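Using the hints, position chain B against chain A.
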Amino acid sequence: MRKARSLLILAALASGSALAQEKVTLRFTTWAGGDALKLLQSLAADYGKRNRNVTVEVESIPFGSYDQKITVQIAGGTPPDVGWVAERSVPGYIASRSLVNLRPTVASDASLVLNDYSPASLALWTRGDALYGLPFSFSPMLVYYNRDLFEKAGIPTPATLLRQNKWNYAAFEASASAIKKASPGAYGASLFRLDPQNWAGGILAAVYSNGGDVFGQDAASCALDSAGSVRAFELAQRMMRDGTAPRLGEQVTFASGRLGMYADQVSYSAQLKDVDFKWDVAPMPSGPSGRKTLLGQAGYAVFSASKHPREAQDFIKYLSSRAVMQRTAQFFPPPRRSLLNSSTFLKNPLISEASLRDAVLKQVGSARTLIVPTNWTQVNDVVVRNLERTLRPSANVGQELGRVCNEVDAVLKK
Amino acid sequence: MLKARTAAPPRVVKRRRGWESPWVGFAFVAPFMLGLTVLFLGPVLAVPVLSLLNWVLPDAPTWAGFSNYARLARDPEVLRSTWITALFVAGLVPLNIGLALGLALLLNVKARGVGLFRTLLFSPVVVPLVAWALVWRFVLQPDFGLVNNLLGRIGISGPNWLFEFPWALVAVIVSMVIEHVGLNMLIFLAALQGVPREVHEAAVIDGASRGQVFWKVTLPMISPTVFLTLVVTIIGALKAFAPIYVLTGGSDSASVLMVQMFKNGFKYFDFGYASGIAWVLFVVMLLLTVGQWQMRKRWVHYES
Numbered sequence: 372m373r374k375a376r377s378l379l380i381l382a383a384l385a386s387g388s389a390l391a392q393e394k395v396t397l398r399f400t401t402w403a404g405g406d407a408l409k410l411l412q413s414l415a416a417d418y419g420k421r422n423r424n425v426t427v428e429v430e431s432i433p434f435g436s437y438d439q440k441i442t443v444q445i446a447g448g449t450p451p452d453v454g455w456v457a458e459r460s461v462p463g464y465i466a467s468r469s470l471v472n473l474r475p476t477v478a479s480d481a482s483l484v485l486n487d488y489s490p491a492s493l494a495l496w497t498r499g500d501a502l503y504g505l506p507f508s509f510s511p512m513l514v515y516y517n518r519d520l521f522e523k524a525g526i527p528t529p530a531t532l533l534r535q536n537k538w539n540y541a542a543f544e545a546s547a548s549a550i551k552k553a554s555p556g557a558y559g560a561s562l563f564r565l566d567p568q569n570w571a572g573g574i575l576a577a578v579y580s581n582g583g584d585v586f587g588q589d590a591a592s593c594a595l596d597s598a599g600s601v602r603a604f605e606l607a608q609r610m611m612r613d614g615t616a617p618r619l620g621e622q623v624t625f626a627s628g629r630l631g632m633y634a635d636q637v638s639y640s641a642q643l644k645d646v647d648f649k650w651d652v653a654p655m656p657s658g659p660s661g662r663k664t665l666l667g668q669a670g671y672a673v674f675s676a677s678k679h680p681r682e683a684q685d686f687i688k689y690l691s692s693r694a695v696m697q698r699t700a701q702f703f704p705p706p707r708r709s710l711l712n713s714s715t716f717l718k719n720p721l722i723s724e725a726s727l728r729d730a731v732l733k734q735v736g737s738a739r740t741l742i743v744p745t746n747w748t749q750v751n752d753v754v755v756r757n758l759e760r761t762l763r764p765s766a767n768v769g770q771e772l773g774r775v776c777n778e779v780d781a782v783l784k785k
Numbered sequence: 148m149l150k151a152r153t154a155a156p157p158r159v160v161k162r163r164r165g166w167e168s169p170w171v172g173f174a175f176v177a178p179f180m181l182g183l184t185v186l187f188l189g190p191v192l193a194v195p196v197l198s199l200l201n202w203v204l205p206d207a208p209t210w211a212g213f214s215n216y217a218r219l220a221r222d223p224e225v226l227r228s229t230w231i232t233a234l235f236v237a238g239l240v241p242l243n244i245g246l247a248l249g250l251a252l253l254l255n256v257k258a259r260g261v262g263l264f265r266t267l268l269f270s271p272v273v274v275p276l277v278a279w280a281l282v283w284r285f286v287l288q289p290d291f292g293l294v295n296n297l298l299g300r301i302g303i304s305g306p307n308w309l310f311e312f313p314w315a316l317v318a319v320i321v322s323m324v325i326e327h328v329g330l331n332m333l334i335f336l337a338a339l340q341g342v343p344r345e346v347h348e349a350a351v352i353d354g355a356s357r358g359q360v361f362w363k364v365t366l367p368m369i370s371p372t373v374f375l376t377l378v379v380t381i382i383g384a385l386k387a388f389a390p391i392y393v394l395t396g397g398s399d400s401a402s403v404l405m406v407q408m409f410k411n412g413f414k415y416f417d418f419g420y421a422s423g424i425a426w427v428l429f430v431v432m433l434l435l436t437v438g439q440w441q442m443r444k445r446w447v448h449y450e451s
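Taken in order, these protein sequences are the chains called A and B.
Once you know that position 97 of the first sequence is 468 in the working numbering, the rest is easy, because the numbers rise by one and skip nothing.
Once you know that position 286 of the second sequence is 433 in the working numbering, the rest is easy, because the numbers rise by one and skip nothing.
Here chain A stands alone, though its shape is the one from the complex:
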C-alpha cells in the first residue's frame, strides 16, 4: 500500500516536471503605455490561448530608461526574450550581437511576405543577408495643430495652406506668430519636445527640409553645422526669441491647449482623447529641399541571450502577421504596404481619413530615418548639453553648431 502510494507520488512529480519543461514563459518588453499597452496585453493573451504551452508576460518599461534596463539585463544574463527596439538603439544592439538573425525564420514563413514591407522600413534592420528585427511602426513626424487657436487668430489652417500649396516653413513661422499675437497666454508652435533629450523629434524634419543633416556619409562625421541644419536651428532660435515658441524648460504640452502647433507621431494622438479643444494633423511644412520629414521606426526583435529563441521568433511572426498588424495600426502606422493603404489604418477613432492620408501616407515616401552611429547616446548628450547655448537669443547659431560638431566628431572617432 505504502509502496503504491509513493509510486503514485513519484509519478505525479514526474508528470509535473514534464509539464514544467514544456511550459515556456516569454518575457516581452515594450515602452507602450495606456491603450497601446492594453492592446499588446490582449494580443499576448490571445497568443497564449492559441499556444497552450506558451505564456507571454508583457513588461512595460518607460522609454527614457528602456535601453538602460535592457542593457543591464543582457549583461546580467536575464534578458527579455522578445522586445521592442527603437530605431536609435538598433545599430548598438546589432554591433554588440545582442539580437537574433530572424532571416531563416522569416524566409521559411510564407505568410510574412517581406515584399509587403516597404524597403525603407527594413534597411535599418538589415546587415548583409541578416535581418535583426521586424518593424511594426513606420511613423512620420507630423504637425498637430490646435484648431481653436487658429480660429481665434483668424488665419488659415495648415490643411488649407496645404491645399493652396503654401504650407512651408515661412507659413509655419508666420502662423505661429499670429497665434501668439491673438492668444498671449499660449505659444504659436514648438519644434522641440518637453524633454531636451528628445530634441531630435521635430527639428530634424526642419533640418532635412532645409537640406541639412545630423551626420555625413555612414554617420561617420557631424553635419549639424551644414548650411541647411543651421537654417533650421536659426528658425527655432528666431521663434524662441520672438516668444512664439517656448524656450527650453518651459513645461507646456500640446495637450494643455496652450500650443498652436507641435510635431510628433500618430501615437501621440492617444494623449489627446479627452482634451477640450479641436485639433487636427497635417504634414510637416516644406522647405527649400522639399517636404522631408523624420521617420520614426520601431520593431520587434529577439534577444540573443533568450533561452527560448524558437518560441520567441514564433511570437514575433504572430505579432507581424497581417491580422495582428491591422490591430496595432491604430497606434503605429504599419510598415506593410498592403495595410498602410488599407481602410483599417485610415479608420482612426481620433483622426479623419483625409488628414491621415495627407499627414502619413503622402509623407512616408519622402520621409527619412535617422541612421545613427553605435554611440548615439554620447552624441545625443553632446547636443543636449549645448542646446541652450545654441538657441540663446544672442547666439551665433552657425558658430555654436560648429563647436557642437567639433565635439561630436571627437566622440565619433572614439
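Treat the hints as calculated values from the structure; they're not laboratory data.
Values in this document were obtained by computation on a predicted structure and should not be read as measured data.
Idealized CB from N, CA, C, for every residue including glycine.
Treat the hints with care, as some may be off.
[Stated by the list, open to error] Residues from chain B that keep clear of chain A, each with C-beta distances beyond 12 Å, as calculated:
| no. | residue |
| --- | --- |
| 1 | F175 |
| 2 | V321 |
| 3 | Q441 |
[As the list claims (entries may be wrong)] Computed spacing ranges between beta-carbons, pair by pair:
| no. | chain 1 | residue 1 | chain 2 | residue 2 | range |
| --- | --- | --- | --- | --- | --- |
| 4 | A | Q439 | B | I382 | 23 to 29 Å |
| 5 | B | F213 | A | Q622 | 42 to 48 Å |
| 6 | A | G435 | B | A217 | 31 to 37 Å |
| 7 | A | I742 | B | G189 | 37 to 43 Å |
| 8 | B | F175 | A | G435 | 39 to 45 Å |
| 9 | B | L298 | A | S713 | 53 to 59 Å |
For chain B alone, coordinates are given in the frame of chain A:
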C-alpha cells in the same frame, strides 16, 4: 506564593545568561551586517578595482591599469565638471550653514508661534528630493514660471534659470538650501539650547555687547556642532545628484562630477571610467574630512 518566589530567581538568571551570550547579539546584528556587507562594503571595495578595468557593457571587462585615470585628467568635460562642483560646494555650504545658524538664533526664543515656524522651516526636509525638484522645474520655467513672472512685474526679464550658466547653478543651490536648511537649523537649535544661560548672563554682566556674546561665547560653545554640520554638509554637497539631474537634465551649466559619473556609468555603461570618477570623488571627500579634522583643533572648543 513563597515557593514560587524562591524558585524564580535561578530560572530568571539562567535565562538572562542565555540571552546575554554574545552570539545572540551577533544574531541580532547579522541581518544588518549582511546588508551592509553586500550592499555597501562590497561595492565600496569593488569600485577601486573596477576603476582599473576597461569595462563597457555588454562587453566583458579587460585590464586597463591606470588608463581610466589618465583619461580623467585629459577629459575636458570632467575638468569642467570639477570647476562646477567646486563652485557648487563653495556656494551651497556657506549659504546652508549661515542660513541654518541664523534661523536657529532667531527661533531660539520662547515665544508664541515659534513652534509653527520651526515646523514650517523643517517641513521641506521630509519632502522626497525628486518631487521637490519637479516642483521647482515648474517654478523656474523661463516664461510662465513663478519666479520670472514675479521678476517680470518689477520690470526684470529673468534668465532661463535651469539652463544658463551661472543661473542654473544658483537655482540648484538655492532650491537645495531651502530643502535642507531645516535639518541643520534643528541641529543648531539643539546645540544653542545646550548653552547654559548662566554663561550668557555672566558675559552680559561683564559688559559684553550682543555681538560679543555671540562671537565670543555662543559660537565657541556650539563649535563642535558647527564642525559636525560643516563636515556632513560638504560631503552631502559633493555627492548631490538626483535634484541636480532632475532639475537641469544634465545640461552643461550645472553638470557636477556626480552627473558625469552617472552619465558614464548608467547611460554609456562605461563602468571602469565611472568607477574612476567615483573613486576620485571619494578620495576628495576623505581628504577634505581629514583636513577639517586636523584643523578643528584651531577652532573647535569644548569637545567632550
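Look at the Cβ atoms of A/I742 and B/G189 and judge whether their distance stays inside 37 to 43 Å.
-> holds (41 Å)
Supplied distance hint 53 to 59 Å, evaluated on CB atoms of B/L298 and A/S713 = Holds: the Cβ-Cβ distance is about 55 Å, inside 53 to 59 Å.
Please test the hint of 23 to 29 Å on the beta carbon pair from A/Q439 and B/I382.
-> holds (27 Å)
B/A217 and A/G435 - C-beta distance against the hinted 31 to 37 Å | Hint holds: Cβ distance 33 Å, inside 31 to 37 Å.
Okay, B/F213 versus A/Q622 on CB: inside 42 to 48 Å?
-> Cβ of B/F213 to Cβ of A/Q622: about 44 Å, so the range 42 to 48 Å holds.
Would you assess whether B/Q441, listed as outside the interface, keeps its beta-carbon beyond 12 Å of every beta-carbon in chain A?
-> With a cut-off of 12 Å, B/Q441 remains clear of chain A, as the shortest Cβ separation is near 38 Å.
Are all C-beta atoms of chain A more than 12 Å from that of B/V321?
-> holds (16 Å)
Does the hinted range 39 to 45 Å hold for B/F175 and A/G435 at CB?
-> holds (42 Å)
Taking C-beta pairs only, is B/F175 more than 12 Å away from all of chain A?
-> holds (33 Å)
Comparing the model with each numbered hint stated earlier shows that all of them hold.
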